[in-house]
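Q: Sequence lines, in order, name chains A and U. In terms of our numbering, the first sequence opens at residue 3 and continues consecutively. In terms of our numbering, the second sequence opens at residue 40 and continues consecutively.
I should point out that these hints are in silico values taken from the structure, not numbers from a laboratory. Don't be surprised by glycine CBs; every beta carbon is placed ideally from N, CA and C. Be aware that one or more of the hints could be misleading.
[Unchecked claim] The calculated EDC-like cross-link candidates involving lysine to aspartate or glutamate, where the alpha carbons are at most 20 Å apart (straight line), are:
id	chain 1	residue 1	chain 2	residue 2
1	A	K170	U	E258
2	U	K261	U	E272
3	U	K109	U	E157
4	U	K162	U	E107
5	U	K257	U	E274
6	A	K98	U	E107
7	U	K262	U	E274
8	A	K173	U	E258
9	U	K283	U	D264
10	A	K41	A	D134
11	A	K132	A	D20
12	A	K132	U	E129
[Stated by the list, open to error] Some chain U residues near chain A, calculated using beta-carbon distances under 10 Å:
id	residue
13	T122
14	K125
15	T138
16	V141
17	V148
18	I173
19	P236
20	G239
21	L243
22	G244
23	N255
24	S282
[Stated by the list, open to error] Covered, in the sense of this in silico footprint (three residues per stretch, anywhere, with C-beta under 8 Å from a C-beta of chain U), are these stretches of chain A:
id	stretch
25	23 to 29
26	83 to 91
27	119 to 132
28	177 to 186
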Amino acid sequence: MNYLAAFVMAIISYALIDNVVLSRFYGICSFIGVGNKVKSSLCMGAAVSFVIIMAAAICYPLYNYLLVPAGVPFLDTIAAILVIACLVMIVGLVMKKFLPGLYQSLGIYLPLITTNCAVLGVVSENIASKLDFGMAMANAVGTSAGFTLVIFLYACIRVRLEAANTPKAFKGVPIALVTASLMAMAFMGLQGIGV
Amino acid sequence: MSKSNHKESFLAPIWRSNPLIVSMLGLCPALAVTKTLEAAFGMGILFTIVLVCSNVLISAIRKIIPEEVKTPAYIVVIATFVTLVKMFAEAFLPELYSTLGVFVSLLVVNCIVLGRAEAFASKNGVLDSLLDGIGNGIGYTLAICMIGLIREVLGSGMLTFGATFTFLADANNGEKIRLFLLKGPRYDFSMSFFSSPAGGFLVLGIMTAIIAAVTNYKENKKKVDARIAAKKEKETAAAASASKEVAQ
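Go ahead and model the full structure; you've got the sequences and the hints to work with.
A: Put into structure tokens, the structure is as follows:
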């Protein structure tokens, strides 16, 4: 029971307090790049979440039961990136076969998930801070929930920003970064939650 | 390739096509490790080493990599160099390694490294790829050092040397070198907001806005200059034809 409570609290902490984009700075490229389309931001969030959770679940045993006993723990980055690249490829193939509609709409974003730092970030973080399997999964679930939440909110704000009369120099990326700064400030308020 | 092209591939990424502030690539480390100038500089150095090595190797083996497995092959090359750099940093600069944390591993998925491999090294010779790598590395390092400088000075009110590069402190009898800029015995103008993540986003946002403003101004000036020149030409042409008429 205690462990379960710790698990849930860890998910909340990773999702809101240490938000992946706004306080740990993973996945900013896709955050800025996915832009102002609310629907594609949700699809992107779902795809990234799937890859993060799968990658964390596969890399944990791979590192602890294969690389460490074999005496080559320094190969973790190479192993992790290969797992992620394969996962993204498999997700693409499965989607193409069974969900061609969704595959079409995600199209260009799918291969980019490989280079989304949130995925490798979670895996490296799990390895670096020596989390056990439950906490590693809590990190993965919390991070993906936080990522989806933030890019969804951000896309909604940017839809409104399109219509706003911003100064010419701030159009596009600069105002997007300022928006992200304000969002990060709002999320800083959540640091008061004691976990 | 001619000599001017070599120069171009070296100089363009430093300012005109800077990977960070113009192309908006590699944002994650640019915001995460720029709390202090030293950490930003260290990140820039590691980034440059990885970029130069991977550019050179990829350009050297570009003809034997099959087209279908291009990207995975590049990623493996980059991951190998990142692992080497990681071990190097862990052994010789442990303070820097612990400051940068997982962001050393995250160099593997840095869009700039993979982007230069795909866009440049896979199409150009070894020398050009080397120059391109050095140019991009310097451009990126300068940009993140700029962010680091602004954030450290505004955020803590002073510049500290020796916290990350411990040999600087060792050279100074074990004392960290501190430059008090916005802070003194009687006053303190530092704003810790700039050390926080939100401050990082704001600094980068305002920097890109300033660059956009300068670019806009230059373009406008060019347009206005062109219009004035056209007008003058017309006037002189009209004057010339008028004088011709008078002569007739």
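Q: Count the residues of the stretch 23 to 29 of chain A whose Cβ falls closer than 8 Å to any Cβ of chain U, and tell me whether that reaches three.
A: Our answer is that it holds, as 6 residues pass the Cβ test (under 8 Å) against chain U, meeting three.
Q: Taking the least C-beta to C-beta distance, is T122 of chain U closer than 10 Å to chain A?
A: OK, holds: T122 of chain U within 10 Å of chain A, min 6 Å.
Q: Using 10 Å as the Cβ threshold, decide whether N255 of chain U counts as touching chain A.
A: holds (6 Å)
Q: Against chain U, does the stretch 177 to 186 of chain A show at least 3 residues with beta-carbon separation below 8 Å?
A: holds (count 8)
Q: Mind checking the alpha carbons of K170 of chain A and E258 of chain U for me, to see if they're no more than 20 Å apart?
A: Roughly 13 Å between the alpha carbons, so the hint for K170 of chain A and E258 of chain U holds.
Q: Hint check: K98 of chain A vs E107 of chain U, CA-CA at most 20 Å. Holds or violated?
A: Holds: K98 of chain A and E107 of chain U sit about 18 Å apart, inside 20 Å.
Q: Measure nothing beyond the straight line between the CA atoms of K41 of chain A and D134 of chain A; if it is 20 Å or shorter, mark the hint as holding.
A: Violated, at roughly 35 Å.
Q: Taking 8 Å as the Cβ threshold, is the statement that the stretch 119 to 132 of chain A is covered by chain U upheld or broken by the three-residue rule?
A: It holds, with 7 qualifying residues against the three required.
Q: Examine the stretch 83 to 91 of chain A: at least three residues should have C-beta closer than 8 Å to a C-beta of chain U.
A: holds (count 3)
Q: Please work out if K283 of chain U and D264 of chain U have their alpha carbons no farther apart than 20 Å.
A: Answer violated: K283 of chain U to D264 of chain U is near 28 Å, above 20 Å.
Q: Verify the interface restraint on L243 of chain U: the C-beta must sit less than 10 Å from at least one C-beta of chain A.
A: L243 of chain U check passes; min Cβ-Cβ to chain A is 5 Å, inside 10 Å.
Q: Holds or violated: P236 of chain U as interface residue toward chain A, Cβ cutoff 10 Å?
A: It holds, given that the least Cβ distance between P236 of chain U and chain A is near 5 Å, below 10 Å.
Hints 5, 9, 10, 15, 18 and 24, counting from the list given before, are not met by this structure.
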